[in-house]
Amino acid sequence: RNHPPYSTIPPGKPFIMASFQHSQKSRGDTLVRSSTVNGNMTLLDLPVEIVLDIVGWLRRSGTKENRKSRHNTSFQSFKALRLTSRSLAGILAPVLLDAVNISCITSARDFLEWCAECADHNREPPVRRLTIRNVGHPSSPSDNPQLVPYHLLEDILLAIAPSLHQLKIHFYDCFEFTDKITHSFRRAKKLWALHLEVNPHLPHSNPVPLTSPYPFLSSLKALTSLSELNLNNCLDHCMPLETRYPFTPLPCVQHLSVRIDSSSTSSPSEPHKFLLELCRAISNSLLILEIKGSRYDSSKLLPVLSVTRRRLEALSLSDAGLVQKCNRLKFPRLRTLFLDDSRYLTREEFYSPFFEQLNTIVLRRWCGTDVPLDIPVEAIPNLNRVILTYTAHLTPDTIPLFKACQDSGIELLASAKSVDLREIWTVDTLEAQVEETPY
Numbered sequence: 001r002n003h004p005p006y007s008t009i010p011p012g013k014p015f016i017m018a019s020f021q022h023s024q025k026s027r028g029d030t031l032v033r034s035s036t037v038n039g040n041m042t043l044l045d046l047p048v049e050i051v052l053d054i055v056g057w058l059r060r061s062g063t064k065e066n067r068k069s070r071h072n073t074s075f076q077s078f079k080a081l082r083l084t085s086r087s088l089a090g091i092l093a094p095v096l097l098d099a100v101n102i103s104c105i106t107s108a109r110d111f112l113e114w115c116a117e118c119a120d121h122n123r124e125p126p127v128r129r130l131t132i133r134n135v136g137h138p139s140s141p142s143d144n145p146q147l148v149p150y151h152l153l154e155d156i157l158l159a160i161a162p163s164l165h166q167l168k169i170h171f172y173d174c175f176e177f178t179d180k181i182t183h184s185f186r187r188a189k190k191l192w193a194l195h196l197e198v199n200p201h202l203p204h205s206n207p208v209p210l211t212s213p214y215p216f217l218s219s220l221k222a223l224t225s226l227s228e229l230n231l232n233n234c235l236d237h238c239m240p241l242e243t244r245y246p247f248t249p250l251p252c253v254q255h256l257s258v259r260i261d262s263s264s265t266s267s268p269s270e271p272h273k274f275l276l277e278l279c280r281a282i283s284n285s286l287l288i289l290e291i292k293g294s295r296y297d298s299s300k301l302l303p304v305l306s307v308t309r310r311r312l313e314a315l316s317l318s319d320a321g322l323v324q325k326c327n328r329l330k331f332p333r334l335r336t337l338f339l340d341d342s343r344y345l346t347r348e349e350f351y352s353p354f355f356e357q358l359n360t361i362v363l364r365r366w367c368g369t370d371v372p373l374d375i376p377v378e379a380i381p382n383l384n385r386v387i388l389t390y391t392a393h394l395t396p397d398t399i400p401l402f403k404a405c406q407d408s409g410i411e412l413l414a415s416a417k418s419v420d421l422r423e424i425w426t427v428d429t430l431e432a433q434v435e436e437t438p439y
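Sequential numbering from 1 applies to the sequence shown in this note's numbering.
If you are wondering where the hints come from, they were derived from the structure by calculation, not from laboratory data.
These figures come from a predicted structure and were not determined experimentally.
Treat the hints with care, since some could be wrong.
No farther apart than 20 Å at their CA atoms in a straight line, the calculated lysine to any residue pairs in the SDA-like style are these [as the list claims (entries may be wrong)]:
(1) 403 - 423
(2) 292 - 308
(3) 189 - 200
(4) 300 - 348
(5) 273 - 257
(6) 417 - 382
(7) 273 - 293
(8) 168 - 273
(9) 403 - 432
(10) 180 - 165
(11) 168 - 254
(12) 292 - 320
(13) 168 - 98
(14) 325 - 351
(15) 292 - 366
(16) 168 - 178
(17) 292 - 309
(18) 403 - 392
(19) 190 - 126
(20) 168 - 225
(21) 300 - 316
(22) 180 - 145
(23) 330 - 311
I would like the entire structure built from these sequences, with the hints used as guidance.
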């Protein structure tokens, strides 16, 4: 097997794990940068941030009073550059506008103006990744400069839906999906990643109103290429599902990430039941599941794990109590496990069907804890590596785990921050394919 180029932990020395690197499957046409021309680097070899700095300098260099102007967005820089050098602008347009971030009414209007110019010239806006933040309620007045009015969200999606690959929407005070949004999603044939978030910081005196879940489900159904879905504090703001309406068929989502607000216990919503029906609808395609938070008792999530366990290959849980409750469930294809809190698991609890098939375990190390990470890695027959997050040095609480991994020939890696579950799962999947390939 070809392992990633990571070194094991040297005793008594600091250790850092590099980010997992892997080749991702192409999703449609992708931007390819030229590497060299006659042995020399080209402008496109520079990081996008440096290119944007150059563009910003070009814009400010003409007028002295603009030298200390506010930070330029990619779109503003492109407009200025277009006036400076049309040929250079033509080369850099896909780089500058591949990802767009909109967070206020001014940037939303400017972006729509540019989309209209593209339409006038029969060009499709080259935007593949779009992030829209601070989206206001459809009924909210559009005089708040810090919010993006809902109708501008509708117009933007209508303009660029065919080119979108990834979309992130941060709702400020709502979780609404209109017929216009659904119509745009039907045209978004290339959209494979959808991240939705509802503002968790609104005061209790002015909470996000509960909405019907069915417009949201209709919008999901329209995304025929969707494979990654992230719902951050969204299910908490949906009304309970009605039993007389069957759950709508959904696209073949492979990666689902859900965060449930643990503090919203007074809300009449039922995020656990909603999540159960959502997972039931995509259980035949779901490979990666991440669950953070729980309302009331985490055992309410057991039916979710039971429904998804047969095909699941990567799982992230934030509650050690949930692992304790499902340790008798067998996950026949589970290779990658991320435990955000393993402090309360005993050695005996690792001897269970839940851990049998694992190749990689990711554990969060909590600073200031004196609970040793004493895990019987030798009891997990297929284990290749253990990854510790929020860890930079070998400390007394990690010594038992270090010795156990050393004795069993298991890689012990570390990261100063958290890690991406999908990237680790990809490494495990590639290793499994290598093992299964006949020589």
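Would you pick out the hints that fail for this structure and give their numbers low to high? Result: hints 1, 3, 4, 6, 8, 9, 22 break, sorted rising.
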